[in-house]
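6 protein chains.
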Amino acid sequence: MAYGAPRTHDLSPATFEKLRQTSTATLTSQLLKRGFRNVFLGGLQALRPDLRMVGYAFTLRYAPTREDVGFEVEYDNETNVQRLAVEAIGEDEVLVIDARGETRAASFGHILATRIKNRGAAGLVSDGALRDTPAFREMEFPTYIKAPHATTSSVVHYPVDMNVPVGCGGVLVMPGDVVVGDAEGVVVIPARIAESVAQDAFEQELLEEFVLSKVRAGSSIKGVYPPDEKTLAEYSEWRRRSGEDS
Amino acid sequence: MAYGAPRTHDLSPATFEKLRQTSTATLTSQLLKRGFRNVFLGGLQALRPDLRMVGYAFTLRYAPTREDVGFEVEYDNETNVQRLAVEAIGEDEVLVIDARGETRAASFGHILATRIKNRGAAGLVSDGALRDTPAFREMEFPTYIKAPHATTSSVVHYPVDMNVPVGCGGVLVMPGDVVVGDAEGVVVIPARIAESVAQDAFEQELLEEFVLSKVRAGSSIKGVYPPDEKTLAEYSEWRRRSGEDS
Amino acid sequence: MAYGAPRTHDLSPATFEKLRQTSTATLTSQLLKRGFRNVFLGGLQALRPDLRMVGYAFTLRYAPTREDVGFEVEYDNETNVQRLAVEAIGEDEVLVIDARGETRAASFGHILATRIKNRGAAGLVSDGALRDTPAFREMEFPTYIKAPHATTSSVVHYPVDMNVPVGCGGVLVMPGDVVVGDAEGVVVIPARIAESVAQDAFEQELLEEFVLSKVRAGSSIKGVYPPDEKTLAEYSEWRRRSGEDS
Amino acid sequence: MAYGAPRTHDLSPATFEKLRQTSTATLTSQLLKRGFRNVFLGGLQALRPDLRMVGYAFTLRYAPTREDVGFEVEYDNETNVQRLAVEAIGEDEVLVIDARGETRAASFGHILATRIKNRGAAGLVSDGALRDTPAFREMEFPTYIKAPHATTSSVVHYPVDMNVPVGCGGVLVMPGDVVVGDAEGVVVIPARIAESVAQDAFEQELLEEFVLSKVRAGSSIKGVYPPDEKTLAEYSEWRRRSGEDS
Amino acid sequence: MAYGAPRTHDLSPATFEKLRQTSTATLTSQLLKRGFRNVFLGGLQALRPDLRMVGYAFTLRYAPTREDVGFEVEYDNETNVQRLAVEAIGEDEVLVIDARGETRAASFGHILATRIKNRGAAGLVSDGALRDTPAFREMEFPTYIKAPHATTSSVVHYPVDMNVPVGCGGVLVMPGDVVVGDAEGVVVIPARIAESVAQDAFEQELLEEFVLSKVRAGSSIKGVYPPDEKTLAEYSEWRRRSGEDS
Amino acid sequence: MAYGAPRTHDLSPATFEKLRQTSTATLTSQLLKRGFRNVFLGGLQALRPDLRMVGYAFTLRYAPTREDVGFEVEYDNETNVQRLAVEAIGEDEVLVIDARGETRAASFGHILATRIKNRGAAGLVSDGALRDTPAFREMEFPTYIKAPHATTSSVVHYPVDMNVPVGCGGVLVMPGDVVVGDAEGVVVIPARIAESVAQDAFEQELLEEFVLSKVRAGSSIKGVYPPDEKTLAEYSEWRRRSGEDS
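Chains as they are written, first to last, in our numbering: chain A, 1 to 246; chain B, 1 to 246; chain C, 1 to 246; chain D, 1 to 246; chain E, 1 to 246; chain F, 1 to 246.
So that you can see chain A by itself, here it is in the shape it has in the complex (with noise of 0.2 Å):
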């Protein structure tokens, strides 16, 4: 069992705050652009679509269980691996658990999910279910699951490792990769093409902010969607001007 290698999260200030301004939609179409076909993390829902979630994947792999192993109620916090992920993760991180997609118990609950918040993390994905959602509801912390369940995890859960790639919804998730969530879900982008995809994401929103403007007013979406050089001179004008205005 792998329970991972030193992680270096060095994404500028700048390109946090850009991400958590730009739509996981805009998001997987820069990723797209770069080749990247699969990176949205498919089935799953926000417990709280209100929030914004930008950090770096911390993950939990969960096996099925077995009647020799694990099969606790009450977990050991010195040997049970996602006992040890919980006071292991750390500031900026998001806990990726992959729960293959079963949802016929819990893979977390809220009391471990207040001490990842406490120990800094920015948020919790899981392609299971969660216990305790009601409480979630409440909780100032971006969570994103596939389903409630009331059940505790150890009935049909084993944890095995923590920050190795494991998949989660559909998508692969390498520890450290940046995560991104909204309302809508959750989009994972390599770490090294963070920035530039930002950046990028940044700029499609600003392009599309005035595309949609101008379908608002009765355009056609013809030479506007996507614009054409006539439309692209009118962007930077515009573009111009709000720059002047501000």
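If you are wondering where the hints come from, they were derived from the structure by calculation, not from laboratory data. Among the hints, a few may not be true.
As the list makes no split between identical chains, a pair holds if one copy fits it or if it spans any two.
In silico EDC-like links for lysine to aspartate or glutamate, alpha-carbon gap of 20 Å or less [what the hints assert, rightly or not]: (1) Lys214 / Asp228; (2) Lys230 / Asp76; (3) Lys33 / Asp10; (4) Lys33 / Asp200; (5) Lys33 / Asp76; (6) Lys222 / Glu78; (7) Lys222 / Glu234; (8) Lys33 / Glu67; (9) Lys214 / Glu203; (10) Lys230 / Glu205; (11) Lys33 / Asp228; (12) Lys33 / Asp68; (13) Lys222 / Asp76; (14) Lys230 / Glu209; (15) Lys214 / Glu87; (16) Lys117 / Glu209.
Starting from the known structure of chain A, arrange chains B, C, D, E and F on it as the hints suggest.
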């Protein structure tokens, strides 16, 4: 590829109004009385459950994509059938997308929806996913989908046809069918029986309002739901008096 | 076809009250401690997540329909088992429908639910669909379903039995089992252990409130969750003082 | 729990023989002509596709198991409903198990099947799994299942009732229904129309044999399939001559 | 509804022969080298795994049925699109049915398949069910389906179009695409690259035959699979000698 | 990424032989007696149902792929974990692949399987797909998969780890677990109890052979299955005589 025939949409304003006030549950019952068992689109959710939708089906059919057709990130408004549909849909029409139930990428997005709303479209229905769902929840436009997904449609969909018979949510939708949506979901009514269905559904809801008032007041369902002759006589009297009151 | 035996429902009012205040997550943990692994109904959603539900299971079993049995649009209150159940359910009972997880038509509707509420029923649970869901969201009646569907139940369901053991959401439900629901979902408690489960769940939640307050205050989970002897001693002291305060 | 009423099985030997010679495809068509749309059990496979099965349904219903009921490894032949069914099933009956489509453990095994075969049963149908499938493939006993699974049934199933209406493969099966199987699968025929269905199916196959001989000889389907008057006249002649030949 | 354009099918006999000898696994690899990721039809089974299939796609599209369209038991050969397709398909064409993956009724049967075989069709592919599967297993006609089902197609399917782009098994199939089947399943090759794919696949299989002989003789895969320069040199020598031998 | 610890495989030859002769059904029962409920891999099929498989688990874990990792058509034998596993697996080991149940591309192929067979591997198990399945059916190598698929694995899989605990077919598989397969499927036995399970399973099958002979001869299951004291005494006598005979 077929782009459809001229469309005649000729429901009376009174029928439109009745359909707007009647629940999809009642309409489905009226259709069952006429022999139609499968007219409610399965597995969809309303993004704007507070809005009612009534219109004529304008269908758009997607096939799976392939790397030699339409796998662009930017779309060509002159050839892409999705884009042609956006600029072809008309007043009082509902865009119904056959996305084969596929939710591994979106089937439509916010800017295009803004455009069809501006063209007078009455709503949007897809048995696939949508992107920009947070923006859709802000938009005054009835929208029904299977799931949110941030990825742009070209990753899994290739738009092929418009205004051909399609399947959506496991139900046949013919161009020109009347499409009605409420918070429960979407029902499809063959155009030639829409007036009669609307009228009978309206009558049925009046009767059920009376039945419900009796049940609320403590009545058993026996003799009341369904109503026997005595209850029907009471109902006639109640209705007569209601008329006098108003 | 079996229409069930006389039912004795004899939980104390204090137990009822404890069950109403305890989460399904805690109850599920107490049941797991007693060896029960599969007691939380999977895949259901609360239509009224703001209401709590406690009652005794009154079961209703549906088989697939066939054109020679019960395929009417209007129902016969003298022979249709669904209708007989509506007029048989009693005070503090929860109607639990085994709809085989089938959601291609509804399994119950609003007028019947109004009637069972008037008869004193404590809630409604179905692993199929419901129609009139917008009305259910307005009604002061805890209701749990798998999905909405406008189509009336006779299109796919044939009501066969009442008050026999059934499956619902993948879980055994016996007539007279105690059924508890909160915003997370529904848990089934065998009647003969319900008092003990309620008592221990109540105690567990007190302890977890203390644990959570420590974690919120910055404590590690080590020694605290699960609590070691030192924490348990602190908890006793805390609880004693809480008692003094009140 | 209901253990069923006395059963009268009174098809003539000639009807039995016709059903044995007719395909489930033809029988399903005859049932559709009488208005029955859903009589073929979905998702099952024949373990002995070389054997034909005709008999009367003897149903057995399973609910999900729970740790306080029937979770033994060894079964009690005096109380376990599965075991009671094994010693209750009679001559020419087909054991039809409603296993809720659940395949995470078996629903029956080889020793019990040997016993019911010895009691004169005509076959075994389950929409769950079977264990000992290699032995079933060696046994002269028509058997239809959804999947193999080595785990004994008590891990997921709790036998509740026998000879009640059940669902199997999504189809209603009433005790005493006529059940017919071939290599394609299993069809259920309401007992009161079985003679007429058998007779018409027999006639239909004769006609289709003639149609097929024409299509094989190069004929278009036009006028032939379905047959027009000219083809029907040829068929009468062909059939008359066949009669003379034999 | 579109019934398709004239079709030009112009692969050389040598290419046909190469495709007949090459596995779908190898063809899929050659397509991946050209950027095609999704060309193998998922979830189908060969009813005649002993036969190879090569031909040009002739597509047939089904929508869900409805009681006001095509819900007959007997079909009209003049208007029913399924029947029109049967009498329109030509030499070397493979009938590819888009049945939306729906297996609750058949999508085609034995008499129609006999007719299209007589018209020179090269095979039959459907992502729905077939009836008369026992007869199909006896017929010298390559056939690929998702499941058997005895019920006639009109219960769930309404044939709409022929020779339009469709989805089948999750893959785009365009009229005129080259369709190849072996015991593993079916691959679709865009017509304009079929010659080049066939040639390279043929070469790849020769090389893999050599690689396999080395691995069988005890070689590691290192340097051999994929082959390094030394192995490629050995292969050239082996191939040259094979040529001399023959 | 963890590539596993040294492996000690120390079952006696007699135990190996017993496991080879015992059915997975019997082994699963013995495991259930020891408290293990979930040890039979669900949803798999044997490509060579005529072969028995006994060996020690050598696990290989795949995550979803992404365009920046391992998305090559040709594989690098020095870095690709799949390829490293092929050259690391040893005598009597069974390669167990955790493919997340994903069947939209293969998880392994024929040349690699030939190599591991040459290295002494005892079999291959994957809960994903395999390509070259026609060749696998010809190969003397026990192989269990979920489905065939011609597409090479890199399109959906990224090999991450070997010899870590994995899930396969919904069951935990630990490196070194004993893995047994027959025509029904695959069961996993924790290594430390394998000797005892093998011994008791062997005994159980002897007893069941006796029980079956009685049932075949017309006995009721009462007193015989499960056997009461009288039957057990008969069995002892029968077994003693069998011993004398041989």
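Status of each hint after checking the structure:
no., hint, verdict
1, Lys214 / Asp228, "within (13 Å within a copy, 58 Å between copies)"
2, Lys230 / Asp76, "between (65 Å within a copy, 16 Å between copies)"
3, Lys33 / Asp10, "neither (24 Å within a copy, 36 Å between copies)"
4, Lys33 / Asp200, "within (10 Å within a copy, 30 Å between copies)"
5, Lys33 / Asp76, "between (46 Å within a copy, 16 Å between copies)"
6, Lys222 / Glu78, "between (62 Å within a copy, 8 Å between copies)"
7, Lys222 / Glu234, "within (15 Å within a copy, 59 Å between copies)"
8, Lys33 / Glu67, "between (47 Å within a copy, 12 Å between copies)"
9, Lys214 / Glu203, "within (17 Å within a copy, 45 Å between copies)"
10, Lys230 / Glu205, "within (19 Å within a copy, 53 Å between copies)"
11, Lys33 / Asp228, "within (18 Å within a copy, 34 Å between copies)"
12, Lys33 / Asp68, "between (48 Å within a copy, 13 Å between copies)"
13, Lys222 / Asp76, "between (62 Å within a copy, 9 Å between copies)"
14, Lys230 / Glu209, "within (16 Å within a copy, 58 Å between copies)"
15, Lys214 / Glu87, "between (51 Å within a copy, 15 Å between copies)"
16, Lys117 / Glu209, "between (34 Å within a copy, 17 Å between copies)"
Consistency note: the structure conflicts with earlier hint 3 alone.
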